[in-house]
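> Here is what each chain is made of, one letter per residue.
2 protein chains.
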Amino acid sequence: MMSKNNKTAITPTREENYAEWYQQVIKAADMAENSEVRGCMVIKPWGYAIWENIQRALDKMFRETGHRNAYFPIFIPKSFFEKEAEHIEGFAKECAIVTHSKLEADGKGGLQLAGELTEPYIVRPTSETIIGASFAKWVNSYRDLPLLINQWANIVRWEMRTRLFLRTTEFLWQEGHTVHETEKEAKEETLKMLNVYAIFARDYLALPVIQGEKTESEKFPGAVTTYCIEAMMQDRKALQSGTSHFLGQNFAKASEIKFQNRKGEIEYAWTTSWGVSTRLIGAIIMAHSDDNGLVLPPKIAPSHIAIIPIYRDAQEQKQVMAFAENVQNQLKDLYLDDVPLYTELDTRDMTSSERNWYWIKKGIPLRLEIGPRDIIHDAVMLARRDKEPQDKQSVKISDLTNYVLQTLVEMQQGYYQRALAFKDKWTMEIDDKEEFYRFFTPKNIEQPEIHGGFASSHWCGKSSCEEKIKEDLKVTIRCIPFNTKEETGNCICCGKPSTRRVIFAKAY
Amino acid sequence: MMSKNNKTAITPTREENYAEWYQQVIKAADMAENSEVRGCMVIKPWGYAIWENIQRALDKMFRETGHRNAYFPIFIPKSFFEKEAEHIEGFAKECAIVTHSKLEADGKGGLQLAGELTEPYIVRPTSETIIGASFAKWVNSYRDLPLLINQWANIVRWEMRTRLFLRTTEFLWQEGHTVHETEKEAKEETLKMLNVYAIFARDYLALPVIQGEKTESEKFPGAVTTYCIEAMMQDRKALQSGTSHFLGQNFAKASEIKFQNRKGEIEYAWTTSWGVSTRLIGAIIMAHSDDNGLVLPPKIAPSHIAIIPIYRDAQEQKQVMAFAENVQNQLKDLYLDDVPLYTELDTRDMTSSERNWYWIKKGIPLRLEIGPRDIIHDAVMLARRDKEPQDKQSVKISDLTNYVLQTLVEMQQGYYQRALAFKDKWTMEIDDKEEFYRFFTPKNIEQPEIHGGFASSHWCGKSSCEEKIKEDLKVTIRCIPFNTKEETGNCICCGKPSTRRVIFAKAY
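First to last, the protein sequences are chains E and Y. Per our numbering, residue 236 is the first one in the first sequence, and the count goes up by one each step. Per our numbering, residue 236 is the first one in the second sequence, and the count goes up by one each step.
Extracted from the complex, chain E is given alone in its bound form (with noise of 0.2 Å):
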């Protein structure tokens, strides 16, 4: 991190205003912009392609867990919404509805609404009931399960306050969609595939996470029980980065999705769904980033090195330019994993800084600035994103192929190090109610949303409790994390007894 007294790519600092450093980090990284559409954001190419990363890497997790790709219609006919109670009301409030299928004429040089339909359609808001429509044919005995498939697709929900990439009104996201003979192979299903999102978050995103299971409040609209990978911010607030849910025969019986078992009795299927946005694109940047702008995990980032020749005339620029086209060709076809490495050779009519800052800003994790003098030393200037932008180092070009990959794989750990090291140092148990609600409270009113961090504190169970901290301090439970220690404390609220800590934090 620079210190306050250096210039810094990115105004404000996230210590002055971190929700306005957040939207400076994408526009100086042109990733992303808000659209003239109430909500709807604009993915532009360097955003977009973290999104296919995103794609390509849980895709192939997805396959090799046995899952199919299909697509469902982006109509829900308003019937087949409200055969489940719950999730109606969850997302009633927030859709956009299709009553129209023309325009026409008005008579007035305009255009009028017309060919109103009989039944009003719902653009998904989630595609749990038209989906079961299909599963509802498709399964008939026991011998069609499990039934495993996935869905990318656009999300549209009527958001009040949106923010780039974090809350928009359309997003864009994967939904897994399975039905199961037995509740234990849907719950089992559930939970592995919370472990692929967190193992993809660990491996690619380089997001420690903690996984748990949503209480009551939290949980999606219809689901018997709702897992989630929760991360840490560098404003110590949680996102929510990723959800699986155990829908019981909630879904089974809204939908028919009936079959025959193996002893040639008709019941009900089981059923799950999970599902990650591009959502994730905002736990990236707000995770890693810092005042210089984007900084980006090598095996998300949509190209690696940026390759800035330096010449001062014609006879420099052809020689250093025939150079610096094999240092390019030299890193052609390489991986990183299963990530294939690109690199930018960037020749724009800019200065070597300028040029230096445009790529930094974008967060790509290497840069090689080769000069004159670069070539008589059969070298580059390579410099890292995390390490400060004037720290270069020269690396002959015969060692540059392995030093390039041990750099990558280094930066990619690293990243994972430091958000789990930040995670840890901001996680805190905490018994007393005053100290609770102290860590809560901000230090700084000019920035009142940094503050305490996680909190790993005891809740007796009832919603009540839950209510009175959300409501105080906009504090909820993010998740009841798997693999605590059982022990009995005192609910952080109310006192009464408790035999787990959970975990509270302010959140996206």
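If you're looking for bench data, these hints aren't it; they were derived computationally from the structure. There's no promise every hint is true.
Quick list of in silico lysine-lysine cross-link-like pairs, PhoX-like style, CA-CA up to 25 Å [what the hints assert, rightly or not]:
no. : chain 1 : residue 1 : chain 2 : residue 2
1   : Y       : 419       : Y       : 488
2   : E       : 720       : E       : 697
3   : Y       : 567       : E       : 295
4   : E       : 567       : E       : 295
5   : Y       : 596       : E       : 372
6   : E       : 709       : E       : 678
7   : Y       : 678       : Y       : 705
8   : E       : 488       : Y       : 343
9   : E       : 337       : Y       : 337
10  : Y       : 596       : Y       : 622
11  : Y       : 262       : E       : 372
12  : Y       : 262       : E       : 493
13  : E       : 337       : Y       : 318
14  : Y       : 262       : Y       : 596
15  : Y       : 488       : E       : 343
16  : Y       : 337       : E       : 454
17  : Y       : 678       : Y       : 709
18  : E       : 343       : Y       : 328
19  : E       : 596       : Y       : 372
Using the hints provided, position chain Y relative to the given structure of chain E.
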């Protein structure tokens, strides 16, 4: 093709009822189905995997030609849509319109619409206007050009008569949108991308296409010129398989896409757009499949080799399965050019005939039967989808990898050659009006769709002649093909002088 007296897997056959045969091929291969949402289809895993293969191949070609992917809002404010007069006229009659953002209890146990929008939103039927709004912000100087963007997205057009893949209310597509400094560059881009489509159709889909220009009446609403690739289906009808539009400055003016040119003056930019959709899956089905079901060019198939182990008892099972797994391992990590090859080990409790037919109907290119006798010979029985089902050949394990690769190359080329010969056979130069009318009159009243094919005939250029032929025969000008020899003749409709032949056909 099987003889008439043989049993075929698909009922009816192409000859009996082509339209119904098409639906049955899709059903037998388990590719897609109609949903309960009007005109929207569900794309099942086997169909969706073909779309993913189309995406992978095209995406690589787009990247190699300098294009980058991005994502824009699904909703288009009504006012945006009204900016281009031809455009709105072309799409107004078939669009889904969002008018509300909420459902609330109606007091009678149901839900009613609420949260009426100030301005209705149209679910994108194409994205020129919404992408134009972003481009207007992104483009300021000639230095920002060319801007080469592609989007993979879902599209909604309220179609009245729908057919799986060919015409559905919602479909998936890619839409390229580019901005250029000069008219010349924009025209070059339009033709370059049309050629990318033609190469892709040839090399991946094994589909020979005619490249050409649309007439005024068939062009994209708002375009200056529309180019297209047209393919011939087995019923000799044309299927428009991709379009590329030179938009002139029409959309630049509608969206205010202006830039400072090299002389320092502000001027409107020149734009293009181009797209292909899930319709291509319909083209693959109709161009290649037969009365036994789906036929897939290997380079677009979701999977390539079905391994079918055959055994009678537990001892044979152990032996055969071990051998089959070795075969599967041997065929791992193979590529056909840049396409990874997949195998399926089909151990289902079904007869070998049932399993063979299952994969024949799905169009898997190769089937390998393995029984105890094959093991003795250290061989497998190989069957090709382009031969008769019972036509099998013993292939030694030591030759298998090469044999498989060579056969797949041969099949890929064979399908192309067969389709090319078919197209050439049924494309006639016709100069006599009576002959022209006879050519397009079905020979068999029970199969009204099977008629002559493509007519290469003279046209004077008047839309009245075009309309007359459309009215009389349901035949349209598919395109004014490139690279036709200059010759004089007489319009096939009015007899007036003409300098060029165009392609007339019935079309999907």
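> Give a verdict on every hint.
Status of the hints after comparison with the structure:
1. 419/Y / 488/Y: holds, 18 Å
2. 720/E / 697/E: holds, 21 Å
3. 567/Y / 295/E: holds, 16 Å
4. 567/E / 295/E: holds, 23 Å
5. 596/Y / 372/E: holds, 20 Å
6. 709/E / 678/E: holds, 16 Å
7. 678/Y / 705/Y: Holds, because 19 Å separates the two Cα atoms, which is no more than 25 Å.
8. 488/E / 343/Y: holds, 23 Å
9. 337/E / 337/Y: Holds - the C-alpha atoms of residue 337/Y and residue 337/E are around 21 Å apart, at most 25 Å.
10. 596/Y / 622/Y: holds, 13 Å
11. 262/Y / 372/E: holds, 13 Å
12. 262/Y / 493/E: holds, 22 Å
13. 337/E / 318/Y: holds, 17 Å
14. 262/Y / 596/Y: Roughly 9 Å separates the two Cα atoms, so the pair holds.
15. 488/Y / 343/E: Given pair residue 488/Y, residue 343/E holds - Cα atoms ~23 Å apart, limit 25 Å.
16. 337/Y / 454/E: holds, 21 Å
17. 678/Y / 709/Y: Cα-Cα ~16 Å, so holds.
18. 343/E / 328/Y: Since the Cα atoms of residue 343/E and residue 328/Y sit roughly 18 Å apart, the hinted pair holds (cutoff 25 Å).
19. 596/E / 372/Y: Holds, because 20 Å separates the two Cα atoms, which is no more than 25 Å.
Of the numbered hints listed earlier, not one is contradicted by the structure.
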